[in-house]
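Student: Just so you know, the protein sequences line up as chains A and B, in that order. In case it helps, the numbering used here puts the first sequence at residues 849 to 961. In case it helps, the numbering used here puts the second sequence at residues 32 to 141.
Just to be clear, a hint being listed does not mean it is correct.
To be verified - Non-contacting residues of chain A with respect to chain B, defined by C-beta distances greater than 12 Å in every case (computed):
1. 860
2. 866
3. 878
4. 919
5. 923
6. 925
7. 931
8. 936
Stated by the list, open to error - Derived coverage of chain B by chain A (criterion: at least 3 residues anywhere in the stretch with Cβ under 8 Å from a Cβ of chain A; other residues may be distant):
9. 75-83
10. 131-139
Quick caveat, the hints were computed from the structure, so don't treat them as lab data. Using N, Cα and C, we set each Cβ at its ideal position, and we do this for glycine too.
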Amino acid sequence: NAGVTQTPKFQVLKTGQSMTLQCAQDMNHNSMYWYRQDPGMGLRLIYYSASEGTTDKGEVPNGYNVSRLNKREFSLRLESAAPSQTSVYFCASSEWAVAYEAFFGQGTRLTVV
Amino acid sequence: RKEVEQDPGPFNVPEGATVAFNCTYSNSASQSFFWYRQDCRKEPKLLMSVYSSGNEDGRFTAQLNRASQYISLLIRDSKLSDSATYLCVVNFKTGNQFYFGTGTSLTVIP
Numbered sequence: 849n850a851g852v853t854q855t856p857k858f859q860v861l862k863t864g865q866s867m868t869l870q871c872a873q874d875m876n877h878n879s880m881y882w883y884r885q886d887p888g889m890g891l892r893l894i895y896y897s898a899s900e901g902t903t904d905k906g907e908v909p910n911g912y913n914v915s916r917l918n919k920r921e922f923s924l925r926l927e928s929a930a931p932s933q934t935s936v937y938f939c940a941s942s943e944w945a946v947a948y949e950a951f952f953g954q955g956t957r958l959t960v961v
Numbered sequence: 032r033k034e035v036e037q038d039p040g041p042f043n044v045p046e047g048a049t050v051a052f053n054c055t056y057s058n059s060a061s062q063s064f065f066w067y068r069q070d071c072r073k074e075p076k077l078l079m080s081v082y083s084s085g086n087e088d089g090r091f092t093a094q095l096n097r098a099s100q101y102i103s104l105l106i107r108d109s110k111l112s113d114s115a116t117y118l119c120v121v122n123f124k125t126g127n128q129f130y131f132g133t134g135t136s137l138t139v140i141p
């Protein structure tokens, strides 16, 4: 079972460059999420999509945009990368119901120089 | 104030020891509670859900105290393979958002 698939796994960007992180899930989940993980900060929610057709800001949305392309896919875009966006990015998905867990992709390690 | 607070540790314990992790959450409207495990440079994976009545899965026991807004995880008879970071996770039904603690690092020493 593929579960949640993220691409790319690694990326190095120069300051000011743009890129899109792709995420797809094959579990027919309604909700999808983008998190970033930094040392000492834990996982912080960037954006989420509770269901197809909706997106909302999380704790740290500045500098990012998202697109819920369809039920399977949820992309994260950095329009003008900054060194502060160096982080590990995780996509996750979950069913829309109480007590359902979130499933994570393998992560994207992004370095902005 | 963070939604979920955890003691970051690190906890270094010998094999066979019992270790307990604690977590507090700030939003009384929280609906679901979980413990996740994250190995170095890997994605978080569900260890166990936490139910109001408390629940056990082998050597792992999770407890929830809604009145005190407190969650705990107890690991008995620690194994080397238990070495990881343990994340306390709370789900708010509104928007189906998951909030993570910063994680508690555990190293089990031979």
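Student: The structure should be examined with respect to each hint, and the outcome stated for every one.
Tutor: Each hint tested on the structure:
Here residue 860 (chain A) stays apart from chain B, with its beta-carbon at least about 17 Å from theirs, past the 12 Å limit. Residue-level check passed: residue 866 (chain A) sits 25 Å from the nearest beta carbon of chain B, beyond 12 Å. Annotated as non-interface, residue 878 (chain A) brings its C-beta within 12 Å of a C-beta of chain B; the closest such distance is 8 Å. Even its closest Cβ contact with chain B, about 14 Å, leaves residue 919 (chain A) beyond 12 Å, as expected for a residue assigned away from the interface.
Listed as outside the interface, residue 923 (chain A) is consistent with that label: its C-beta sits roughly 18 Å from the nearest C-beta of chain B, beyond the 12 Å cut-off. A cut-off of 12 Å between C-beta atoms confirms that residue 925 (chain A) is not in contact with chain B; the least separation is 21 Å. Every CB of chain B lies more than 12 Å from the CB of residue 931 (chain A), the least distance being 21 Å, so the non-interface label holds. Remark: the non-interface label on residue 936 (chain A) conflicts with the geometry, its nearest Cβ contact in chain B lying 8 Å away (cut-off 12 Å).
For the stretch 75-83 of chain B, the assignment as covered by chain A holds, since 4 residues bring a beta-carbon within under 8 Å of that chain's beta-carbons and 3 suffice. Coverage of the stretch 131-139 of chain B by chain A holds in this model, with 4 residues showing a Cβ closer than 8 Å to a Cβ of that chain against a need of three.
Checked against the numbered hints given earlier, this structure breaks hints 3, 8; the rest are met.
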